[in-house]
Amino acid sequence: MRWLAEVHVRLRPGIADPEGQTIAGGLRSLGFDEVHEVHAGKLLRIAFEADDQAAADAALESMCRRLLANPVMETADWELRAAGETAGRVGS
Amino acid sequence: MSRAPRVAVAVFPGTWSERDFLHAASVLGWDARPVWHTEGELGNVDAVVLPGGFAHGDHLRTGAIARFSPVMHAVEAFADAGGPVLGSCNGFQILCEAGMLPGVLLRNDHLQFRCDWQTLRVEHPAGAWLGDLSDGETIRLPISHGEGRYHADEATLDDLERTGLVVLRYADAAGAVTPEANPNGSLRSIAGIVNPRGNVLGLMPHPERAAETEVGGTDGLRILASLERWLVAQPAAPERRL
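Protein chains in written order, with our numbering: chain A, 1 to 92; chain B, 1001 to 1242.
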């Protein structure tokens, strides 16, 4: 069956994120003084086939480990739903 | 030396510095040839160079796609056998993604692409690529990158320093390693590292662009030329001996 995943790749905590800091500065310069922090990351939408949810999670774990995130600097988590469903579930 | 070193220069879609390496190799009289990323064999070569550029558009992360190219399987096997590999700029990023060197290169802390001449301090210049340089000397090489901020966890950084694997640091004109002289926010001002065997060098600067006096200096040529003496000194791997 077909699955849809939204994979979020984020810099590990503690690693300087100048892109996020620059975006935060941009927001503040527009008057959003209430902004404390912005962190930039990547959103990857993946449509793929898997027999069941466990297989889909396992596939995503493998994709993240082998290519989508570099564990030296990044973490990855995802929201997964069967194609056609509206509500997803969270994995990592 | 009975013949010139044979050197493979890996080329990926988006590589931009292979011609500069081939030119520097011609200055040295080397037998260098480009090797397309789809090639799974390097042939009978003495060394491999991974040049700078934007392999596969740097999509996802710098080097993330290139590391799975057929040529990289050959490069890893070559390095595992002790063969000399030099990765400059994007080549350094690919070596890190492939796990051939520790750490990773992140966006410059100021988010700008930085293209300039940079003074570097040489430390522990052993191995295949730095043997003609002196410990503590300063050299000048061009840098040209947007993602050169070296990062590794504290334990890895401590280990690199304790074992003498940090070989190049960003420095000021007097050779002092200072925050002001660091062009990209690299942790501990790291510009280049080697693997424990010393046969794999990764550096953000471009030695191939400092190969002639006419373009501003020849310190890069000294790095490349170090290879010749190292190759002659190798007792093992008779198929690679000069």
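Derived from the structure by calculation, the hints contain no laboratory data.
Please read all numbers here as calculations on a predicted model, not as lab measurements.
Cβ coordinates follow ideal geometry from the N, Cα and C atoms, glycine included.
Hints should not be assumed to be uniformly reliable.
Said to hold, decoys possible - FRET-style restraints, in silico, Cβ to Cβ: (1) A:A54 to B:S1026: 25 to 31 Å; (2) B:R1033 to A:H36: 53 to 59 Å; (3) A:H39 to B:S1026: 29 to 35 Å; (4) A:R81 to B:G1175: 54 to 60 Å; (5) B:A1233 to A:D77: 27 to 33 Å; (6) A:D33 to B:W1117: 27 to 33 Å; (7) B:F1113 to A:P71: 47 to 53 Å; (8) A:R81 to B:P1070: 32 to 38 Å; (9) A:R81 to B:E1039: 39 to 45 Å; (10) A:S29 to B:D1031: 55 to 61 Å; (11) B:G1043 to A:R81: 48 to 54 Å; (12) B:V1215 to A:E19: 40 to 46 Å.
Stated by the list, open to error - Computed from the model, here is a short list of chain A residues facing chain B with C-beta under 10 Å: (13) E19; (14) V35; (15) L68; (16) D77.
Comparing the hints with the structure gives:
For A54 (chain A) and S1026 (chain B), the Cβ-Cβ distance of about 57 Å falls outside the hinted range of 25 to 31 Å, so the restraint is violated. The supplied range of 53 to 59 Å is met by R1033 (chain B) and H36 (chain A), whose beta-carbon atoms lie about 54 Å from each other. About 47 Å separates the C-beta atoms of H39 (chain A) and S1026 (chain B), a value inconsistent with the hinted range of 29 to 35 Å. Between R81 (chain A) and G1175 (chain B) the beta carbon distance is about 58 Å. The supplied range of 54 to 60 Å therefore holds.
Separated by about 50 Å at the C-beta atoms, A1233 (chain B) and D77 (chain A) break the suggested range of 27 to 33 Å. Evaluation of the 27 to 33 Å hint for D33 (chain A) and W1117 (chain B) yields a failure: the beta carbon distance comes to about 41 Å. At about 27 Å, the CB distance of F1113 (chain B) to P71 (chain A) disagrees with the hint of 47 to 53 Å. The hinted range of 32 to 38 Å is satisfied by R81 (chain A) and P1070 (chain B), whose Cβ atoms lie roughly 36 Å apart.
Taken as a hint, the range 39 to 45 Å holds for the pair R81 (chain A) and E1039 (chain B), whose Cβ atoms sit roughly 41 Å apart. Here the CB-CB span from S29 (chain A) to D1031 (chain B) is close to 56 Å, well matched to the stated 55 to 61 Å. In this structure the supplied range 48 to 54 Å holds for G1043 (chain B) paired with R81 (chain A), their Cβ-Cβ distance being about 49 Å. Checking the proposed 40 to 46 Å range against V1215 (chain B) and E19 (chain A) shows it is violated: the Cβ atoms sit about 33 Å from each other.
Residue-level restraint check for E19 (chain A) holds (minimum Cβ-Cβ distance to chain B is 6 Å; threshold 10 Å). Given hint, V35 (chain A) at the interface with chain B, is violated; its Cβ is 18 Å from that chain's nearest Cβ, farther than 10 Å. Below 10 Å, beta-carbon pairs count as interface contacts, and L68 (chain A) has one with chain B at about 7 Å; its hint therefore holds. For the restraint placing D77 (chain A) at the interface with chain B, the shortest Cβ-Cβ distance is roughly 17 Å, beyond the 10 Å limit, so the hint is violated.
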